[in-house]
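Engineer: Listed here are the chains, written in short residue letters.
4 protein chains.
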Amino acid sequence: MDEATRKQILRRLQIIEGHIRGVQRMVEDNTYCIDTMKQINAIQAALSKANQLILENHLSTCVTSAVRGDDPAERERVLREIAGIFEMSSKV
Amino acid sequence: MDEATRKQILRRLQIIEGHIRGVQRMVEDNTYCIDTMKQINAIQAALSKANQLILENHLSTCVTSAVRGDDPAERERVLREIAGIFEMSSKV
Amino acid sequence: MDEATRKQILRRLQIIEGHIRGVQRMVEDNTYCIDTMKQINAIQAALSKANQLILENHLSTCVTSAVRGDDPAERERVLREIAGIFEMSSKV
Amino acid sequence: MDEATRKQILRRLQIIEGHIRGVQRMVEDNTYCIDTMKQINAIQAALSKANQLILENHLSTCVTSAVRGDDPAERERVLREIAGIFEMSSKV
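Chains as they are written, first to last, in the numbering used here: chain G, 1 to 92; chain S, 1 to 92; chain W, 1 to 92; chain P, 1 to 92.
Worth flagging that the hints you see were computed from the coordinates, not collected in a lab.
One thing to keep in mind: the hints can contain errors.
You can't tell identical chains apart in this list, so a pair holds if it fits in one copy or across any two.
Straight-line C-alpha distance at most 20 angstroms; calculated EDC-like pairs for lysine to aspartate or glutamate [claimed, not checked]: (1) K49 to E81; (2) K7 to D29; (3) K49 to E17; (4) K38 to E28; (5) K38 to E87; (6) K38 to E17; (7) K7 to E56; (8) K49 to D2; (9) K49 to E87; (10) K49 to E3; (11) K7 to E28; (12) K91 to D35.
Here chain G stands alone, though its shape is the one from the complex (with noise of 0.2 angstroms):
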């Protein structure tokens, strides 16, 4: 990862880490249960766009890389991998 992007995610994620620490306070307070719920919902929704934002990193760089390589066993993993978290994000 480049030092730029990785600083990008990096800040995402101390927000991210911030807006947990606000819904505790949420729950704490003991905050209506829906509001809470929304909060929640909007976590999930930064971290799907880091996630987002690490993948097209990784696409233009690794995978590029490893396709582009010589070794048939790395590009077929690289894209598996691939396949295999777009799977995974589906099912959250």
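With the hints as your guide, set chains S, W and P onto chain G.
Structural biologist: Same frame as chain G, but now just chains S, W and P:
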């Protein structure tokens, strides 16, 4: 929310917070992208489970009271909220 | 389900059936994979919308009757079903 | 798409079409809402599986050719499409 449920939800959110910090370290340590994405996915699943528990509690307390109560507007409001939460969750 | 809602759901399901047949033709015609995937995605979204309408009807009819009724077991059953539907939908 | 994969996808889409017609009959027969919703959910899962198969085929054919090819714009295009499909699928 009764005390036992609140503590259970809080405990889960604290574990999720620790999990997020673990993923931050993975990004700092330049862990393989696919492994990081899998952990982010696991956090999303843990948040779904937390939302599920909050919903179950909400259904058996607030929704039950409102639906059994005498105010048709209030009854309609809580049921519309449940439908809204369902729609929102199908978009993450 | 009241007659108007049933007709509305049926109409949507017929449109979805036509959409599925359209995607079959795309596959037969060797349409570009990404375009076929987008159409399959649109069908999934249309099915979510159908489920959303069925849920809204169910909440304002069966769930309301059961929760307002005198049988605590029946009340608990319908609410558990709602929680179950929510959990199931978050896995697709 | 190779012939075997195309036939496999088509067969799945025909089964899904039959399943949709089955759900139409459930609605006509006034089946219990929750049971209808479960079947609609099962159809969504079957469509996810079909999309998964199309993606796997696409990765090992079009994406591999483009990424191994000499046109950087084409390479970027197919990878951006994969990222886009991933984002789209996380919204259903």
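Engineer: Please go over all the hints and tell whether each is borne out by the structure.
Structural biologist: The hints, checked one at a time:
With identical chains, the CA atoms of K49 and E81 are at most 20 angstroms apart both within one copy (19 angstroms) and between copies (16 angstroms). Taking the shortest alpha-carbon separations for K7 and D29, only the inter-copy value of 12 angstroms comes in at or below 20 angstroms, while the best intra-copy value is 33 angstroms. Taking identical chains as interchangeable, the C-alpha atoms of K49 and E17 lie at most 20 angstroms apart whether they share a chain (14 angstroms) or sit on different chains (18 angstroms). For a Cα distance limit of 20 angstroms, the shortest separation of K38 from E28 inside one copy, 16 angstroms, qualifies, whereas the shortest one across copies, 30 angstroms, does not.
Taking identical chains as interchangeable, the C-alpha atoms of K38 and E87 lie at most 20 angstroms apart only when they sit on different chains, with a minimum of 11 angstroms there against 25 angstroms within one chain. Taking the shortest alpha-carbon separations for K38 and E17, both the intra-copy value of 16 angstroms and the inter-copy value of 17 angstroms come in at or below 20 angstroms. Only within a single protomer do K7 and E56 lie at most 20 angstroms apart by alpha-carbon distance; the minimum there is 15 angstroms, versus 31 angstroms between protomers. For the identical chains of this complex, K49 and D2 are intra-copy neighbours only, at 18 angstroms inside a copy versus 34 angstroms across copies, given an alpha-carbon limit of 20 angstroms.
In the homo-oligomer, the alpha carbons of K49 and E87 lie at most 20 angstroms apart both inside one protomer (17 angstroms) and across protomers (8 angstroms), since each shortest distance falls under that limit. In this homomeric assembly, K49 and E3 come within 20 angstroms of each other (Cα to Cα) only inside a single copy, at 18 angstroms, whereas the closest approach across copies is 34 angstroms. In this assembly of identical chains, K7 and E28 lie within 20 angstroms of each other by CA distance solely across copies; the values are 9 angstroms between and 32 angstroms within a copy. With identical chains, the CA atoms of K91 and D35 are at most 20 angstroms apart between copies only, with a shortest distance of 17 angstroms across copies and 24 angstroms within one.
Of the numbered hints stated above, none is contradicted by the structure.
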